[in-house]
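Protein chains in written order, with our numbering: chain C, 2 to 327; chain G, 824 to 1138; chain Y, 240 to 868.
Derived from the structure by calculation, the hints contain no laboratory data. Treat the numbers as computed from the prediction; the structure is a model and nothing was measured. There may be inaccurate statements among the hints.
Label pairs and their calculated CB-CB ranges [claimed, not checked]: (1) G:1053 <-> Y:693: 17 to 25 Å; (2) C:289 <-> G:1135: 23 to 31 Å; (3) Y:256 <-> C:86: 51 to 59 Å; (4) Y:848 <-> C:144: 35 to 43 Å; (5) Y:625 <-> G:1034: 17 to 25 Å.
Simulated crosslink set (PhoX-like; lysine-lysine; CA at most 25 Å straight-line) [to be verified]: (6) Y:481 <-> C:41; (7) G:1058 <-> Y:670; (8) G:1058 <-> Y:669; (9) Y:481 <-> G:1004.
The beta carbon of each residue, even a glycine, is placed where N, CA and C say it ideally should be.
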Amino acid sequence: MTPALDVQNLSKTFGGGTSFFGKAQPAVHAVRSTSFQVLKGETLGIVGESGCGKSTLARMLVGLLPPSEGKIVIKGQDLSGMVGNAAAFGRVIQYVFQDPISSLNPRKTVRQIMEAPLIHLMGMDAAARKARIDELFDAVNLRREFLDRYPHEFSGGQAQRIGIARALAASPQIIVLDEPVSALDVSVQAQVLNLLDELRTAFDLTYLFISHDLAVVEAVSDRIAVLYFGAVVEVGMADEVFANPRHPYTQLLASSAPAVGRPLMPATDGSAELPDPFNPPPGCAFADRCIRVQKECRGTVPQLGHDGLEHQSACFHPIENGRRER
Amino acid sequence: MRGYILKRLFSIIPVLLGLTIIVFLIMTLIPGDPATAILGSYATPENVAKLNRDLGLDKSIVEQYFIWLSNMLQGDFGRSYSLNRPVLDEVLERFSATLILSGTALVLCTLWGVLIGIWTAARQYGWTDKILTFIVLIGISIPSFWLGLLLILLFAVQLRWLPASGMYAIYGGGGLLDLAKHLLLPSLTLSVVATGVIARLTRSAMLEVLRQDFIRTGRAKGVPERQILYRHAFKAALVTIIPVIGVQAGFVLGGAVYIETVFQWPGVGRMLVQAISQRDILLVQGGVVIVAACYVLFNLLADIAQSWLDPRVKT
Amino acid sequence: MNMEALKSALALLFRNRLAGFGAVVLSVVVLVVLAAPLLPIHHPDLTNPANRLLRPFSTNHLLGTDHLGRDLLSRLIWGTRLSLVVGISASIIAAAVGAFIGIVAGFFGGRTDNLIMRGVDMLMAFPYILLALAIVAVLGPGLINALYAVAVVNIPFFARNIRGVTVGIAHREFVDAARLSGMGSWRIIWSEILPNVLPVIVIAISTTVGWMILETAGLSFLGLGSQPPQADLGSMLGEGRKLLINAPHASVVPGVMIFVIVMSVNLLGDGVRDALDPRLRSGALARPAPVTRIDRETVPEKIESNALLDVQNLHTHFEVGERVYKAAGGVDLRVDPGECLGIIGESGSGKSVTALSLLGLVASPPGVIKAGSVRLDGKDLLSTNFETLRSIRGSRISYIFQDPLATLHPLYTIGDQMIEAIRCHRPVSKKEAMTKAIQLLEKVQIPNPKARIGSYPHEMSGGMRQRVGIAMALANEPEIIIADEPTTALDVTVQAQILALLSDLRRQRDLALIFITHDFGVVAQLCDRVAVMYAGKIVEVGPTEEILAHPAHPYTMRLIDCVPELGGGKRKLSAIAGLPPAVDRLPDGCAFAPRCDRAEEDCRLGTLATTPAGTSRSVRCLHPSLEQI
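Chain C with its partners taken away, still in its complex shape (with noise of 0.2 Å):
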């Protein structure tokens, strides 16, 4: 079966190069060579904290930001090259927004924001974009009369369907959803995120779900990717990856998440932090944090298997059996 998406050795490296007086410039790299595959249909949920790298992952998969190295291919073809040229991208894959007020152009009806994919990307007349506007109205559940409307008029969970029926406007076959629900409360998330689920089915679309949250993001993949310090340390099918973690981080990750019923964790002391972006470690990013380190950590990066699909680690020490060693 071919992936939706196969992402090759992708890396983004900020800053760098040499100044005007030919010093060398700090350099920050924000996705370090990342490897994975989204199946066709499948949602592909990708989780990590502040400073991982998945925003600046997310905004290469969709064209806005060149990446420094690696394939982006979709279909066979490899997009990676074609960066600016936003048609080549926004026909195949689009890209659902945090914020969703932000979003949203405060000057522009939504009707106009609705119809510029329509004119830019698909190139309709005026007949087709409204009966397409309104079947995409349909499809998220919004009333055709909003279309008059600007976007402060409306709630979050609403702002957030205009922007979902936006990205599904050009047909893609992939969307990238980066926390989508994040700034939405909890009693309205739902409604949004079972509005994916249905829309996936309908349109027969493939996801991408980036969240920091642990438990929206098991809720809805088929498979997770977790990232740390800019690259994926473990991946794996959504009801092992947390359930039975193989990274310590993963496991730390789990285990930090707050529930119902279960007891805080000893307080420990407070060296726990990310490592200097501008001068990372030479071994593995997580080294400091672990409590499974041991020598051969701090020497070499350890690396993930390349054809992604199985549950795998970026780690030389796993935990055999995550759930009883918690």
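Given chain C's structure and the hints, the job is docking chains G and Y onto it.
Leaving out everything else, chains G and Y in the frame of chain C:
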């Protein structure tokens, strides 16, 4: 901190270079032939050609620029043909008078502007605020050159309290008190507009800061209100006030042109106006370069003050 | 632009009386000068040496004549015409060119931005008028040249201003969205950036046009602008100056005119700015008072209890224009010594407002405490004077806020801020306070506290900053700490540490803790009792374990169902249909009734009181689920 100052010092070099390029370009764009302007329209073509060669005007623009620049760096700004003396001597003499005038005005407007700004912010929507805000608005709306005339009319002509013009009395003047008497009206006039601008900005910066979350934190800690106002809010507001004082220094230096004309102050501004009407290009060039360079240095000081105040600037 | 927004902006403009006054004066001036050719006045350049230097109010010459016997009134009207045209044209040229440069630099960023802004910086390196002088020196004196000079000099100001705003907008998500919709850069500038920058351009024009009129008048005054016999206001003033002593009216008349024009332009400009600046529209630019405004008709009767903190019927409203947002609409709370009370609710439920109201920290305007009492050991804090309240703030009751980067002062070291917190309440030396501060940092497990005490907040990570926030709250050994979503901005792994730390500290010190959150997991792990808020009211309160196991209020029940729990695998999640009501138009009866599947007719009538449910719980519902209690 020291590293930052050094970095900023180096960074003004391109600014100064750019400034000389702009001045040079503007002056070479002047229509007409400087040699003809100097020698008069009856000069023989041979004499004009000779003078052009002497002035280096037969060379390419780039060469001319570098010759002009290197002469300037050695202190040679050329000779003013209208005054028949070295430009540098004239400019430096005049510039010290301008510095006294605009320096005094800058101190006045900073003090008053900041004070009024804090007062009005602390009493927002009260009567003090309304009255002072209105006076400030009058201050920034009044043409300074007209205000100067009115003050002369009142204090020099009608009341005869203060001298109407000049820097020192012609006979028997020269002391510090004499200077102060002559300085009072022009420096006040010059500071009025800048006082208004600084006061308005200080007020809005204070109000902006007072709404920040860290002010609420200070109050939640139980910090007394005076301390909130003068320690927490004012320090944070200074971050926006200091650059504006830097910009106002430019307005004051430039505004001196009017005030020096009105009060016959022997400064560089009045010299420039005269030089322009007499088309004394070298004198204009020299005057503009030196005043602008001084302004760049002042802004450098403002930047350093800023970085000393705000630790986030350095990173 | 949206018609509705335009209308409200105009209404706001004319609500401002000074701006309206400016607009009226300016329109009169403009009408008169437009009608100049039609008015029965002398020709402005007609000389009459016999009538030179007539005083104002002479026959036939209302404002008198100048040194050549020309009618001053006529010259004033024609001169005003000229000055206005030149000043306004200069502003429009400067605004158009400056805005274009600013938008291009701000939108494209990178090298383009660098190059353009370096050039702008060079121009700004000249003292303002000096550059105009240099330009006039090149072009030669003349009114049109003065216009160009003033316009050029002002371009950098517009460019800088507009660039700053553009950078902010270009990074907004809707610009990315436009790119993904297949729009090119110039189209994005035209249809996404420009409409959002336009109000700023209008503000910039309206606040600088007065300046430009002054500047051109100034150049003319120096003799570098309009040339005789043509005269604008500046050159009239320049001519009048020579006759200052003999005929002061010749300089007073044009001067007054310049002043009147510039003043009315500035008044109007300020009005335009206030009307277009959205922050002013909500009244948010007002300075918050040290204490929330308290406007109570009665103080609730004291109820005897051994509670440490007892809140009764607390109403905190936000009064914005005509609207009243009832953010807290009758909150009752009780905190016992050493207990941890969680307040849970969604955004807009009033939980933070309640927390801030306890010590009068709600920003006011627009906040007002309309009713209720907050009793600490039986004494009502809302009735005390400011000095007493201040002495309680940070000593007996202290706060921990959500985002420590915004809530710590950016320009003081954390040491200074902690020392200040200590010395506000205790007369100790700086040195003693410093020792105490270092001990506190140790208590909150900040590694190497002696070195970190000299750090600024921006030099620390989010977790470290929040530890500082906690240390500061502990500084004066308070009895109660109110923590307002202290871990919401933090990552889960850091959040777990902060929660554990808070839990340990409160047990060690027997502290009472009021913990505001939206996360049931956090409440379950930390709090003894929990109060659930909805639309400004507490709908259910009781011991955490009991409420989580057997919620009585339908809202609590449904909300718990919405929270996905880790370990459940892929599944459909439950949601609550509809939205919480806006707190400025609350429905009658139960605020949750429109979304509730147990609601009946009586739920939509009157006001609902809380009723006890079992021994330790109470619930605000007519049809609660009480089977398990």
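- prompt: Any of the earlier hints contradicted here, and which numbers?
  reply: Hint 6 is the one this structure does not satisfy, whereas the remaining hints hold.
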